[in-house]
Amino acid sequence: MNEEILISGRMNPHIDPTLGIWGWEIPLYLFLGGLAAGILFFAALYSLLGKEKELPTAVRKATFLVPIILMVGLGALFLDLKNKLYFWQLYTTIRIESPMSWGAWILMLITPLSMAWCLSYWRDLIPNWTWQLKFLEWVEVFVQKYRKTFAWTMIISSVILGIYTGILLSAFNARPLWNTSILGPLFLVSGLSTGAATIMWLSKEKLERSLFSKIDLLLIGIEVFFIIHLFMGFMASNAAQIEAAQLFLGGAYTLPFWGGVVLLGLVIPAILEVMELRGKHIPVALPAILILIGGLVFRFIIVDAGQISQYFY
Amino acid sequence: MSKSRRDFIKISALGFGGLVLANPILNAMIGQVQASEPLDASQLKRVPTYCEVCFWKCAGWVHQDEKGELWKIEGNEDDPHCKGRFCPRGTGGLGMYNDEDRLKSPLMRVEVDGKQTFKEVSWDKAFRFIADKMNQISEEHGPESMALFKHGSGGAHFGKLFKAFGSRNITAPSYAQCRGPREVGFHATFGANINSPEPVDLENTKCLVLIGNHIGENMHNSHVQEMSKAIDKGLKIITVDPRLSTAASKSKHWLPIKPATDIALLLAWMHVLITEKLYDKAYIERYAYGFEDLEAHVADKTPEWAEEITTIKADVIRETAREMAFNAPATLIHPGRHVTWYGDDTQRLRAMAMLNALLGSWGRKGGFYFPETAKVPSFPHPAFPSVSWTWKDYLDGKYALAGSSIANVFVDASHPDNTTDKKIKGWFVVGTNLISTIPDTKRTLEAIDNLDLFVVVDTMPMEITGYADIILPECTYLERYDDIRVSPNREPNIAVRMPAAEPKYLTKPSDWIVRKLADKLKLSSYFNYKSYSEVLDWQLKQMGHSLSEMQEKGVIKFERKHENLYLEEGEEYEFGTPTGMIELYSTDLEMEGFDPLPNYTPHPEPPAGFFRLNYGRAPMHTFGRTANNPNLNELMSENKLWVNPKIAREAGLVNDQEVWLENQDGIKSEFPIKLRVTERIGMDNVYMVHGFGKSNKKLQRSNGRGISDSQLVTKVMVDPIMGGTGMRGNFVKFIIDKPEREEIS
Amino acid sequence: MRYAMIIDTKKCVGCSDCVVACQNENRVPIGYCRDWVIENAKGTFPNVSIELRSERCNHCENSPCVRCCPTGASHYENGGLVMVDRSKCIGCGACVQSCPYNARYSHPDGFVDKCSFCNHRLKEGKNPSCVSVCPTSCMYFGDLDDSESQVSQLLKNRGWKVLAPEVGTKPQVYYLI
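Residue numbers (UniProt numbering), protein chains in the order written: chain A, 1 to 313; chain B, 1 to 745; chain C, 1 to 177.
If we strip away everything but chain A, and leave its shape as in the complex, we get (with noise of 0.2 Å):
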């Protein structure tokens, strides 16, 4: 029998006995990083592919959601730091290795970036709106002006705000379940999926819902082989990272992970999907929250099983 004790010390509040430094705010902010670029990520790509008028939810009314999303995600991520009011700490500095402050320079470009999206598109909200202060007309009528190009800065930072919410996590090599790089494809897919999902349901037009529809299926798709990709690399790997896959496999995490985000989160809704596709009639609300409880109880595993995973020595 091998025994490991520690003999004393050590019981510091949120590290011991495991690791549970981050709680639901952080998760939350990976959750809504991810659905924010998502919607942003298809607004940009139809509006560069000319399709403005086709699929409206996509390019406009959707976007409209992604100010709050960011700001809440921002607000979650405020109240994870212990010193709140240090927070502009982030702003004095630029680091390229930490992920952390990459995370919040991009998302001090983007939530600007959405806003003024959103009010190049006021007017279709509401029509006769006159601007009190000059400035918002001048974005409104600059963005209009430049709307290529805002469009492709709106689909490289989405880009990198998907990925960069599953780098924030894979960059730690300390924490074996995180540590490898097939989460930032992976969350950034799960992003997508979750901003189709909200475009999908709603859009109104059936021809964009279908369209939304089809890309979901893809995604996930995309995200169930990069799941079996990331559990194959794992029981290639170490013994830390098998162990750390075990908490999937038979552990703590294998019915809330298989049961609630593979089945529930990606398997019924891309069923439900196909079914609504070949005609059946599936409520559109269905498969999109199920995509979005998914993702979100995605991270939250990811996050907290990741923080109980260790290197044993």
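Accuracy of the hints is not assured; some may be wrong.
[As the list claims (entries may be wrong)] Okay, the calculated bits of chain C under chain A, using three or more residues with CB under 8 Å as the criterion:
hint	region
1	25 to 35
2	70 to 79
3	89 to 99
4	159 to 167
No lab work stands behind these hints: they were computed from the structure. Note that CB positions come from ideal geometry on N, CA and C, so glycine has one too.
Given chain A, put chains B and C in place with the hints provided.
Same frame as chain A, but now just chains B and C:
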């Protein structure tokens, strides 16, 4: 404060300026960290002390911070007890001072609505109550009927009060519940006591033999340090212990002996040394008495004979005996400290002493050195009155070899079944929690019930305080003067304790309590000083020093005046035994009617389903005294029951599961204990650290955490030679479901 | 200069003096600690061995905590010390996640805290408080760039290991085995 100043400058550079704003939020905004940072030690005041967290009494420095508050305690470099390094308990000594559960005010037992409760009273009222009762007892039974149980520095002051009052019935459980058999066993052999610190020359030892002594878990500071130094020099350790103790894990040979069979192993070792002619012939020839008797005595105590008894393989016994002989005389059979195990402990310690003698290690480098103690004159006082009887008269010749008073005998003399005319009617208990130190609590409580006066003096609420008529809150060692520390060592030395802080709450130093009580008893002529610093200064000046000098130095070492540290080659030496020689054959024991040579006698084995209960110490705690200390409690807040994985599997138990224990007499533990399922222990016993499972609810951190082994020690095997209480013959079984609580009667 | 700490597991008795001394010296609040002691028991009775280790921040040469810190609060100092600047730390917890030794904790005052090798004592020419207090003298501290230093000699003459080398952090606390 160098760090925060540097931050300060950095912030100025950012342009926010060095404003110290009143608003903490604004301060935080500009980066003024309020958090406490390490101090600049060079500017701080330090006060000398010697530690009171255990009996080792290491000298150190109490450092104050710039506000005059206590910051940390560090060892005094000049002190041979600690060599500048305090152990975890000493380092955590501030926790004693900071413990918010401390006794804060004198408390008196009163009856309110038919229920007994403690009420805060003034010191004056407490003293009047005690003095009246003492005088009453003195009138009815004589002053000898007052008894003092003590431990630590505070007790010394009360000793003087008792002598002035007319009683010599003064005792400490540290003898008959701990090291007594060792003193008698070694005295019978070498004519000298071991005392404290033990004069073992560990730093020069080449082969160290530990018989159940878990040095490293017992944190006897200088010994742990010296053992470590010896390890650097290639020390070979032989550990005899049914459990893989920390020391065992560092041993060349670990002998996981069947418990209670040590004497058989010791006899077999002597057999090997003698039959293989490995003993120190010249040494034995010159100094020893009764070698032929021993030779004949152990002739049939072969390793094969011992293997049957101890389960230790015969060839291991031979190999280890040869290892000892190879390194002799720098081979040390360590006498240990807590040795009251099976009731034949004096004989076991005799066997250990004899083994040392055969190896020639007494008075030799790497074995035992001859210690020397500094002489400190007593402060003048009138002669103490003579007494008409003491505990020795009560014993009437029994335990004649006991060199010190026997605490459990004091319980007997206080018990209602004492039919002699020498009765004890009043107790002072100073700094010792008798409930967990003297076994057979039931009998102790019956004795307490029979008292006319019961005073407890302590710093903390303990089990024993709950039974007192009156509780006097002593301040901690950090808040008072005490006697000059004198203890035997290689170099004679003294150390002082000075207060580093004012006594907290209404607590008072023992010397103050004693003086004020002496006033009420009209005994103030014995305490003719206003502050104890006067006494210390007078004593130090007699020695050519002063208290102010000691404040700077903390410790003073002196030249040795007497014999050498070790025996010279071929030196004539007279030992303190009746024959003046090392007595392999003990004439003292023979005269008292005991075996002059030790014999192995089998001890009861645990019945089926039961396991022998062994207990020991953890390096971060001193008995039960430190369980509530905030710093030390954090290191270890409860004890766990060590159980072999096979036993656990068979009993369907898992690691960290809570169980209750029941002993052979049907006594159940008051609280549950968590299991530590570990390969470090064998199948025939279970183990826990002593001193946990506090029942006093006033101890917020330690109440109900772990269990008290003492509660389960109801079978006591008394040593017929010196009255020691053997406590390792108790057997326990697991109870998985919470038992119904029976009232402790 | 390259500071390193060496701990001799053959001498450590697990007394935890290092833990209390650190708490006092660095005013670590009750309930928190910068160092701790691990016992690792292997084998089957009676063939059992144990290893005792006092653990703390490894002041890694390739510190993931310094890398992931978004504000630069975690930084290197003279001798390779990894330090936290309390006035820059926002308490985001990234460094806590990044440490394979779980050596960092969130101080109740908001910033992240950990072992500093008692930098304030080093500046006075003293050893870290855990090294100074250790009753078994099983802890050593010194400069690995000086090949004559005690720490360099120990690593030359004794078998040693570091913790979780596979993570690639290049820890600077060495264990003699």
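Assertion that chain A covers the region 89 to 99 of chain C - criterion: three or more residues, beta-carbon distance below 8 Å: holds (count 10)
8 Å C-beta test of the region 159 to 167 of chain C against chain A, three or more residues: holds (count 4)
Given coverage of the region 25 to 35 of chain C by chain A, checked by CB-CB distance under 8 Å (3 or more): holds (count 4)
Coverage of the region 70 to 79 of chain C by chain A (three or more Cβ within 8 Å): holds (count 4)
Checked against the numbered hints above, the structure breaks none of them.
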